[in-house]
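Colleague: The task is to assemble the complex, starting from two chains supplied on their own in separate frames and drawing on the hints.
Chains as they are written, first to last, in the numbering used here: chain A, 1 to 409; chain B, 1 to 983.
Calculated from the structure, these hints are not laboratory results. Check the hints yourself; a few may be wrong.
As the list claims (entries may be wrong) - Heads up, simulated EDC-like pairs for lysine to aspartate or glutamate below, C-alpha to C-alpha not over 16 Å straight-line:
id: 1; chain 1: B; residue 1: K836; chain 2: A; residue 2: E306
id: 2; chain 1: B; residue 1: K821; chain 2: A; residue 2: E319
id: 3; chain 1: A; residue 1: K141; chain 2: B; residue 2: D875
id: 4; chain 1: B; residue 1: K836; chain 2: A; residue 2: D303
id: 5; chain 1: B; residue 1: K864; chain 2: B; residue 2: D875
id: 6; chain 1: B; residue 1: K833; chain 2: A; residue 2: D303
id: 7; chain 1: A; residue 1: K391; chain 2: A; residue 2: D351
id: 8; chain 1: B; residue 1: K833; chain 2: A; residue 2: E306
id: 9; chain 1: B; residue 1: K821; chain 2: A; residue 2: E224
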Amino acid sequence: MAAYLSMGEAHRRIGDYLSRVTNAISYSDGAALASLLSVSSAPASTPLSDALAAFPDFPRLAGDRFPHLADFLVPLLRAIHSHSIQRFADAYSSFEKASNAFLQEFRNWETPWAMDAMHTVALEIRLIAEKADRELATNGKNPDKLQAAGSFLMKVFGTLAVKGPKRIGALYVTCQLFKIYFRLGTVNLCRSVIRSIETARNFDFEDFPVKDKVTYMYYTGRLEVFNENFLVADQKLTYALMRCNPQSESNLRRVLKFLIPVKLSMGVLPKRTLLERYNLLEYADVVTALKRGDLRLLRQALDRHEDQFLKSGVYLVLEKLELQVYQRLVKKIHIIQRQKEPAKAHQIKLDVVVKALKWLEIDMDVDEVECIMACLIYKNLIKGYFAHKSKVLVLSKQDPFPKLNGKPV
Amino acid sequence: MRKPAGAWSKPFHLRTHLYLLAIIFGFSLTGIFLYYLMDSINQNSVYYDPQRDVSVSGATQSVTNSESHVVQSANSYVPYPTSVQQDYNAVQHPNHYYNYPQAANDSSVQRGVDQGPGAAYQPHTSFPNSGSYVGPTSNTYYTAGAHQTVPGYATSNYYYHQNNTWGNGSCVNNHAQSYQSCIPDSNVAQSSSSLPTSSVHYQQQYSQWAYYYDQSAQTSGGLAVTGSGSTAPDTKTVTIDSNYAHTSNQPPPPGTTSWKNDAGNTTTPPSQEQGIQGYQNQYASQVPVAPMFHTHYVNNAAGIPTFQNQCVSLAYQHSSANHNQLPLSNQVDQQKVLPLHGSSSNVSSVNHVSENPETPWQDSLSSNVHMLNKIQISTNPRIAQDFPIGTPQVDKSKLEADSSLKPAYVCVSMPKNDVTVSQNGSEAVMQVTGSFPVSLRTYVERNLARCKDDAQRTASRSILKEIITKATADGTLHTKNWDIEPLFTLPEKATSMNMTSNGKDSSPFSSSRSPSRRTKSRWEPVAKSRWEPVAEENVANNVELPNELAKINICSSLEPTKRMSNSWDLRKHVQSRQSPLSQYSHRPTKMQRTGGDASLTENGNASSDSDKEQGLMKYYTSSIAQANSPEEKKRREHRSKRFEQSQGTPSKSRSSVPDKDATDNIYTSRATSLLLNRSNGDGAGLAVEDYDWDALTIKGTCQQIEKPYLRLTSAPDPATVRPEDVLEKALCMVETSEKNYLYKCDQLKSIRQDLTVQRIQSELTVKVYETHARLAIQSGDLAEYNQCQSQLRRCYGEGVKGCNLEFSAYNLLYLVHSNNKRDLLSSMASLPKEAKKDTAVKHALEVRYAFSSGNYVLFFKLYKMAPNLNSCLMDLYVERMRFVAMKCMSKSYRPTVPVRYAARVLGFVGIDEVCEANGADGLEECEEWLKAHGAILSVDNNGELQIDTKVSSTSLYLPETENAVSHGDASLAVDDFLTRASS
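Extracted from the complex, chain B is given alone in its bound form (with noise of 0.2 Å):
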């Protein structure tokens, strides 16, 4: 069952992802949002409808089973009574379609799958689908679903249909409104002068919510104890409607100067921080939303083919982190531990354990579901408690949340917490808002969800329990961002295992957040600081869930499809994911361009002149806003600061940090992250020198002599990588290849990949640079030398032994012909006086001041007798001398100079062997040289050639190289390289 059949196999994978980020995602988010995410699903499909046929239909193409399902959930979103779930069809299938060709490409993805060792919950999906969700098509799973839901939950999921439409009315007016006014607008003068009106709305709005919400929290708190569920979340849903309306209209506010970049959402947080405390609560919790919502609308405006995707795609945790989570809640209400649990959540747990086929695993992940359980009730009582009171403590994490929301990727956050609180059920939902470090649980869950067998998950068990236990002792525990953790090696192998604990107990991050101390934490008044990590940990999330679902949607193409690791490590998804995110994170407006014009090409008639110059239009304006805006400036300044902060940074440091850092920190955090494939660090950017490198330091296993090499994009896996001995006789192999040169760099720089990641630092290594860099030398691949070279030096200077001298002298004659004056004076000045006297360094040390002296008999001459590959080095400059030696010699020369001599001085024959045999050649190439550039020959009486120096020194000129390329490098042009890399 582990390995679903066929075409099913990818949508597979793409859930396993969809589980992981759901999981994450869900347990930050709070109750609230839930509703919101609900609300902002169904009318993002209504309003976006036309868009979304058009791509579902594009799905339909490649997805095998799902194509009525698609094109029914997208058309006849009307006629179905749940709304959400069709929603989720709908959803999942573009999802899959859009996966599929990187399901298909990825070649390390499929094994993945297939081994599933590493992955947290891949299991998971692979079991329960084995049953009844594996043979269907998603659309019966969900559909199922809502059949067993129990009637209560039945009837709340009717009354937010209901409610639904409501607020989908007012919000698709709203967004139509506002969009239209927008396009026209160009959304330059709707900026300023809404702004302002506009937030004042927001504020009643607010306000009025702000009631709705007490009165909701009270009420669900309530229903907690008694288990009525259907009236709270009538009220609830009623005020998310009202809230969701005038969010919508919050959107362009921001948006209209800079629809779509982060600039403009950015400073909408900032401004609402300022106004009235209890008003802020509301607002706080009402945030996440207008992100979301704002992001959908922003990707319409813009015609982004993503935004169906990301719709989609959120729909689609929803879904699968109510499979994820069924088991948790399962564990709840079999256990009965956790009284206070909302009733909803039994519901959802009563189907889904009747559903879900008893697995052995399913018994870890019960062990921490129960885990996570326990922390999650331990918090929730407090929370239900404090929120109605507003506790400002409360409100500040929340709304520090929020500010570091970024624009684009916060709406895609948003989802997940939705999906989250849809998994608890609206009344746990509220409770867990407050809830510590959901990144740490998931944490656990990964590491659990690791393990194949029981041996496994004790052992992990007791590890966890360490991690635990010293994370509390370090007080780390809040002020670690479990999410991006790094996630050690791959948990597949049972040393890989050790590996793991290991690294977490050696590696300075090694703490997570104790459940004990969590527990603890409950019955104690909650310190401000305390808060804080879990608002860091939301906007984390919401950070990274965008990325990860953008990543998937639109990056699917980018990901690289030779992905080394088998392993469905989390983090190695979210890290991968993360990297072309991370890109647009910095150049959010640049992406958002692109998805502009990808849309125009998709949605034929879509695309007007006028979107197109809305677009440029945001382009520009929003990438003036994000420069001048004081956010902008802040967080600038806040990257400077950055490496300020020492490793463990206390949560009382950052507590005076002000919110922006919070999602400074956490790019940064994930920079670092992405590359180290750590996700730890609790987002105050720990410096790369910081991690403890001899923690992951990993040993190869792998016995294949020959590797192509391939640019990690995550962390090495020791079954690929070779131990040193192979690596020596995969040197050897190199060294007897009969190969051209560019299998020989590749093999060659796959070897020292893989020194690189074992950290090896022996003679070996030195050889297998100086093997590179001598191949690169003959080859004119003068960066791949430049790297060895630089490498070497290191090596050299730590004591490694080599042919440092032969090196050096390489480098003085790459230093002549990079002309940096001030390097080569340290180089020679660095040079010991034992070395000067060595030949290859002698030599160099004489070309250079042949050169530098344009003494050009003597250069030829060296140039004639040069020691290893030095000549190989100075033919970079031999072309220059000759000109400058042409110049001179017509300049100075009166009335000729006989070819002859010019050819024996120049090089072109051997200084002795003028009247042999390869003579004539080098002299009918001298000629030819002279001739094009410009020289004038002409024959004298004796008919032997001459040079007409007078005439010549008007005439010479330096021809364009034929090879020349735009960097000005000709080694570098890829044509003439492989001529003579294949010569």
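Just chain A, with the same shape it has in the complex (with noise of 0.2 Å):
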């Protein structure tokens, strides 16, 4: 469609949009120079990138109209025509390269007047880059952009990262950051970045934009998740359930479903409802199995979903909570027995509970029954004691299944 455009049209349209990028900067008009600079989200036959095809010497205008602006937008504009006919590659490459360029000028300005501009760059970065990344694989060739990406935002957000009114800016490239490197699997590099939000007194944390710190909350809760700190996990994550728009619905679910594992592992099971609601059945399974005590449920669930788990990296803390299915079952256990004998409902003999595994189709032997037990105590998950001799379970008169309330096991 580009082959019926004029030459003088193309021409008209490539200048139209370069003296809209160089008024946006000399007018300061960070708005509108980010809605310019969106590169990705244009559909691919904009009248720019048409204009680009039919004019393939673009380049030149560009670099003779504004001569002192050229090493940013003959790269830029590059970068639009090639994303346009999908070669994402060679636009991520431009877009780089772009984005340098505008990072150095934004270093210059002292107002944060391009917050919006630079954020739009480091969106656009991430995205061409994964493009890019998705067509070299396919290409057979090393997928690196990302990585790359990755390491031009790190440069931005040394720039934002400082005192000053830039600051406030850098909470987004973190987010970002997080993204790509949760892609990446190299989320050990969000140490540093969450190092230097944490730990900066001269701004508090509460003064980011709200969705930024909504996004940051989730990514550091996960990595909390990973390393099993449920508490904190439990904050962060909570923190970032209560802040996020009501209305994004994706959103929450993200949120719910590393919420869900860690609320579980801390005893707070969730109504059936809640994960109707937004989708999150696998879960379903578990906190049945938790309920009922019945620990060939809970194997049964995470076989099924193992893939799913193992990629969210929910697994291990969903198989910790076998624990509490074992507790369940001894109590349930000792329900039955009292009903029965009452005098001797605090004595649970192993063997009724190696049968009653049994008839749950696991096969344990004795030793491992008893060793579970004494687990069980161990971990404050049943009051009393075993006495090795008799091979019985002996439980405290109060409370001899204590609640978690909150605390992870």
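Modeller: What follows is the structure, encoded as structure tokens:
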């Protein structure tokens, strides 16, 4: 469709775009600049990309018209062009050049008027890098663009995370970095950024924009899930959940996906309606198993969603729920026993537990079950002691099965 | 004659080194520097006499022949008419001394000498030396040279001498003053106050000097034509002296704050840069001297032992440079192609001609020289013209070079410049200043010098031609940093020769500066960009040479004694030397510190407390200054940017880069070149991935099955690398060997190295890594295991077959140990379904589950039935698991737990063999373990040993493991490792 575009028209369109960019810069209009820089969000056949296709000499045009901005505008036009013709690796290279030039300029601007534009650049470079990596991977090449985008964003972060008015934009870049690192599986790189955000004394975290705070808390909460710091993870994810835009269901779901396992490990079970509403039914069986003390169901649930849980990183958390399921099972045995012969309600024979597990089709020998009982006592899930000689679990008369009440196991 | 006999062979070694260095540096530097060099040498010697004596005396012990000479030269500076030559002697001997240990230890070096194939100038050395050079001491040689010099030259020398003495006086004074002031003030006081004034002072001097300089330049031009050398030298020397004296002042300003450190030095140039243009020009030429002096001074102040060395080495280089250059000049004269060449050059050439025996290889050299000369000449006329006018371009390039000069190293480099100058003769030197890529010339020389016979030479010549044409086409002529050139593999063999040519052709850098291009450039208007490369090269030289020298002197002990390569390639030397230096370059203060300390120990009386304090003071101030200086910041910025520069950065883009960048790039490129042993790169920090590894891949020829592992410090030599079939035998040998793990590890590492350098990635590779990984697991060598495992993961990922399930099981087990949840998760996620059915993997997964859920019973059950070497990896956390289990049991069991039961569930005895004979051993072991961990045992009514859980629950503790080491990994403890390995 670019064929019938006249050269003059193409020239005019490119010139128009260029002057709008330069005007936005000269008038310090950050929002306008930001919209002009969103390379990837523009549809493939905008007037501009058609014009670029019809007028291949556009780099010269940009260079001649605005020589002082040539190192920014020329690669920018190239990036738009390459992106519109689906050559994302090229688009990335050009856009990175343009971004570097822009960052250079941005450093020199004393006020943060261009923060929107900077954020757009940060977002765009990540999106284009992801596309470029996909393209490179399908071509059998080494997909390293996202990594490169990560190092560029680190530069941006370095520029923003300083004293002064620009710091307010640092958290957005941090979140973009998180997204990259989580995708690349190099989350250990997050640590330095987090440290820089959390140790800053001269800038209150609450002063950052809410959307950035929510994203930040979501990712740091996930990191804490990895580290099995459930209390902190609960804090952060709850923060994210409470401040998340209630309209944005997908974001809420994302937070809940990690918050639910964390809460489960602290003995807080979600209602089924919640799981249904946010389409988190993979946890439904886990919750049921916890309620019933059904070890088999838990293992089945874990097995069924193993890949999913492993990928999201909650597998190990859910696996740890086993002890709670055992606790529930012993509790049930205790309740039944109390009904049968109240006098001996606090003495549970090991054989009984082994038999119960047999019914659940879980084959464990006496030693192992004994070990499980020892662990339950050791981890304060059961109050009492185990008498090895007689193979009897002796429960405390008072509150033999203490609730977790928000304390992780 | 190629093997000089006995004690002399080592000195000659050194000489070759120096030759190479001298050549590299010499070309790059301008005539002005030459003068400086002379002055500086003299002055230095005077100033530093006391120190020198000390060290010289030390040297005499080791040096066999030259004791008397050394002593004489050191002490009797005054009596000798030509101070310069005196210096040489003195210098040389110390050099010998210092280098001695190195040479002695360095078997490979020795070999290199004998075989001599790779060294560019080796033939040179050996041949000339065989004649008059070899027999007598170096002293004789030099004196002979002096005698032979044409009268005119001699007079010039004489003038020099006079001037020098005068200059010396002033210089010394300056130094002394600054030094004295420095000590009491402890640097800080002087720094700020003295700087402004001094700078002004300098400016004046510079302008003055500029005037002189112009004069001299013009005169030199005239002289070149006429050939009357005496007057010209005079004026020049005078100017130099004045400059010099002032220059010596210069060091203090920067030095006061950071006397010894880079930051200080670097700072100076920029400030001057900003000065007036005209004045800048002068300054540029002068700058080099300043740094040099600076260094010396610094050294003195710090009392660094190296100072002497530097001086010495410089002088030595000087001499060596003369040797080298003579042939060149000869060529010029004989051919009479270059009428413009200075008269002095003629003289020198004549002398040398008479001296040098005609050798077959000289042929090639002459050809080289010829080429070089041509280049030189072409540039010369232009430069001479340009200089008086003060072309901004020239200035700029010079400035760049100056600013980029790094402190300590810079000073060293200066001497080299001087060397060159001296070689060419004063006028010629002037002209050389602007010549093109000096390094290219040396590069060509190097190539040709490697040739052993005519056939090779012709072949290499044609190759060079090709390269040159290519370079011309590429336009990369000027952008390359030829000095750090990689130099291809060893030139010794015919095959290697081919290799080289191939490498050149195919490698991206292969483009060398073509002579044709150079000649062409002569007639073209000088483009700004064109000058830049020259400057860069100068910078590179400066930076590099210091390294070399310093290395020789300071780091001779560091030099890897067991270098595998025989070749005397220039690059190899440079690079291998560089390695220690580069370290220093990054932490210059540190180096100086150590240097200072050493000096303290060496110069007994010189070491006073104040010295020490000063050293400390300097250390801190300099480090601070360095960290805060704008240069450092800029540099850092640059460092981060350097990877953005693409490989073939055109000179245009470079021109926009500030001076510091050039230096920076050089540093970085040095690092890479060090890695790669390639001396290429235009200094624009070529990324490792930019290199064409295919062109560098070698094919081994070694047939030896056994080979000790040596970490490569240079490019691999095909003669010492085993081809795949031999490696297969070697692996077989290791597998069947009865020797201990240390031996096997060594052998396997060498096999791995050979595989790596040949880039063999086959099933053999996998087999080697698997074998090594298994052995490492068995011996608890986690470091090696991890290396192997990561390599194996890569190999498996690329589809090479092997026991990947076994090793993914190991990987899981290891991750349990490292307690890295995320890696564990990703490893588990990446396991395919069928892999989870494999016994080993399944076992590993169960172990992980048992460990994380604290199910000790299951854990030790699995421990007893572990497939492959899984139990070895489980050993890593068996102790942890036992302790947790014990804590768990002591808390949950009441009142007692039988030890027999504990022994069973904690894996001390087999699950099914409780009653058997070895059950008793396990029981005892368990009892001991329990006691060692604070458990309280008691005997019940039946006489059975029980654990009193209630008491034990509070008394349990994890004893500090005997083999615990500071880094927390007990398996890395040497003693433990050795005992296990040898058992």
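Colleague: Each hint should be assessed against the structure and marked as holding or not.
Modeller: These are the hints, each one checked on the structure:
Between the alpha carbons of K836(B) and E306(A) the distance comes to roughly 12 Å, so the proposed pair stays at or under 16 Å and holds. Note on K821(B) and E319(A): the hinted pairing holds, with a Cα-Cα distance of about 13 Å set against a maximum of 16 Å. A threshold of 16 Å between alpha carbons decides the hint, and for K141(A) with D875(B) the separation of about 41 Å lies outside it, so the pair is violated. Between K836(B) and D303(A) the alpha-carbon distance is near 12 Å, which keeps this suggested pair within the 16 Å criterion.
Proximity of K864(B) to D875(B) is assessed by CA-CA distance (about 11 Å); at most 16 Å being required, the pair is judged to hold. Proposed proximity of K833(B) and D303(A) is supported: the alpha carbons are some 12 Å apart, at most 16 Å. With a CA separation close to 8 Å, the supplied pair K391(A) and D351(A) stays within the 16 Å bound. As the CA atoms of K833(B) and E306(A) are separated by approximately 11 Å, the hinted pair is consistent with the 16 Å bound.
For the hint linking K821(B) to E224(A), the alpha-carbon distance of about 11 Å falls within 16 Å, and the restraint holds.
This entry does not satisfy hint 3, going by the numbered hints stated previously; all others are met.
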